[in-house]
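**Student:** Full structure from sequences and hints, please.
For the protein sequence lines, the chains are A and B, in the order given.
Position 17 of the first sequence, counting from 1, maps to 17 under full-length UniProt numbering, and the rest follow consecutively.
Position 87 of the second sequence, counting from 1, maps to 87 under full-length UniProt numbering, and the rest follow consecutively.
Simulated from the structure, these hints should not be mistaken for lab results.
Because the structure is a prediction, the values reported are computed rather than measured.
A hint or two may mislead.
[As the list claims (entries may be wrong)] What follows is a list of derived Cβ distance ranges for each label pair:
hint: 1; chain 1: B; residue 1: 88; chain 2: A; residue 2: 113; range: 37 to 47 Å
hint: 2; chain 1: B; residue 1: 88; chain 2: A; residue 2: 251; range: 34 to 44 Å
hint: 3; chain 1: A; residue 1: 83; chain 2: B; residue 2: 73; range: 25 to 35 Å
hint: 4; chain 1: B; residue 1: 122; chain 2: A; residue 2: 83; range: 15 to 25 Å
[What the hints assert, rightly or not] If the Cβ cut is set under 10 Å, some of the chain A residues that face chain B in the computed set are:
hint: 5; residue: 53
hint: 6; residue: 54
hint: 7; residue: 77
Every residue gets a Cβ at the ideal spot worked out from N, C-alpha and C, and that includes glycine.
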Amino acid sequence: MIQKLQEDLNRLTKNNKEQQQGLQNLYLRFGSIINDQLQIIKYSQVSQNLLHKVRPEVFNQILIFLDIKSYLRFRLISKRANQTVIQMIPFRINHINQIILNLNHQIQVYTIQNTEQTNCQSLIEEYNNALDKLYKLNKEDLVELKRTRNPPTILVKVIIIICVLLDHSFKPEQQSWEECQKIIGNFNYVNSLHSLDIGKINESQLTYIKTIRQISEVQASKISNACSTFYQFILVVLQIRESKQYIFKRKIELIELLIKQAQKHQTFLQKMIE
Amino acid sequence: MKFISQDDITFEIDNEVLRQCTKICNTDSSIVKLTSTKSKILQKVIQYCEMHLNDFDIPEIQKPIKYQHNIFDIVSFKDAQFITNLEFEEIIQIIQAAKFLGINTLIDLSCAYIAIKIRGKNSQQVKEMLKSNKPITDEQEQMDRDMEIKVKK
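**Tutor:** Written out as C-alpha cells, the structure is:
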C-alpha cells in the first residue's frame, strides 16, 4: 500500500515538473512572440516615413528649392531629417556659391549696360542747379508761402508733392492746405529736401510725384518764386528716379543685397558643419 | 526602345519621347530594365515625356522658390496639373525613376512641388505629410512578409 502511494507520489511529482517545464517554455515562446511583434511595430513605424525610403541626395534636391529658413526648420522633423540636412550642407554651400557667382555676373552685365547708356551728367547738373535754387530761397519767400490763405490749386498740388517726397506715409488724397501748412510751417523741410535720398522714393510716392507733369513750368513760375523752385526740384528728382541709370543702379543695389544675404547664409552653414 | 518595369510590364517608347531622357537617349541598347520602378510610376514618367514631345526648351525653375509663389506660378499649367494630380509617395518614386532616366525637368518639377508643400509647415505637419502606408521597394515588402511568417510560426 505504502509502496503504491510512493509510486503515485513520484508520478505526480514528475507530472508536475513536466507541466512546469511546459509552462516555462510557453512563457519563453510568448516572450519571443512579443519581441517579434514589437519589432514589426517598430519596423512599420519606420517604413511609414518617406524620409526613410529616400536617399539623402534626393531629399537634398527637394530642399534646394526651399529658402534657408524652411531648409533649417526641416531639421526639426526627425533625427533622420537632421542627419539628411547636415549631410547635405556642403552641397547647399556649393549651391549658394553658384548663386553668388550668377549674381556677380548679373552685376557685371548691368554695369556694362549702364556704361553703354548715355551719360547722366546733364541730369546731375540739373539736380545741382535745382538744389542751388532751393538754397537761394529766402525766408520771405517761405513765409509768404506759409501765410497764403487761399492758395491756387497749382500751388497746393506742388506743396502736397513736396510733402509726399518728405514723408512716405503722407496720404495726398486725404490732405488739405491746412495740413500742408503744418509741414511747411517748419522751415527745416527745405533742409530735408537738400538731403533727400532719391533711392528711398517708393513706387506709390513715385506714382503721385508723376502728377507734377500735369503742371507746366510757366504755370508754376506765374504763382511765386518758391512754387517755381519747388516745381523744378520735383521735376529733376522725378527725372533722376525714372532714368535708366538710376534703374540699373537700383537693380545693382538689390543684387548686392542678395549677395550679402547669400554670403551670410553661407557663413552660417559653414559654422554648422565645422 | 523598350522599358521594362519592376513588375515585368514592357513599354514601347518612341525616339521622340526618349529625347527627354538624357541618360539613355544616346545609348545603343534597345531594352532598359527599371528594376526599382513599378509600371504605374513608369507610365506616369512616360506620360510626362509625351506631354513635352514638342517642347524643346522647358524653362528652369528658380531656386529657391519665392514664398508667395505656388506651383501654378512657377511652371506651365499642364505641368502643374500633372504634378498636383499625383500622390506624395508617387512623386517620390517618380523622382527616383526620373533620376535614373535623366529627366531633369521632371525631377525639378517634382522636387519643387514637394518643396512648396513642405514650405512654411511646422515639423509635425511635415511629418504627417511624409507618412506613407505602402512600402516602396521589393526588399521592404519581403522584409514585411518575413516578419509576418515568423510571427505566424
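**Student:** To test your reading of the hints: which numbers does this structure violate?
**Tutor:** none
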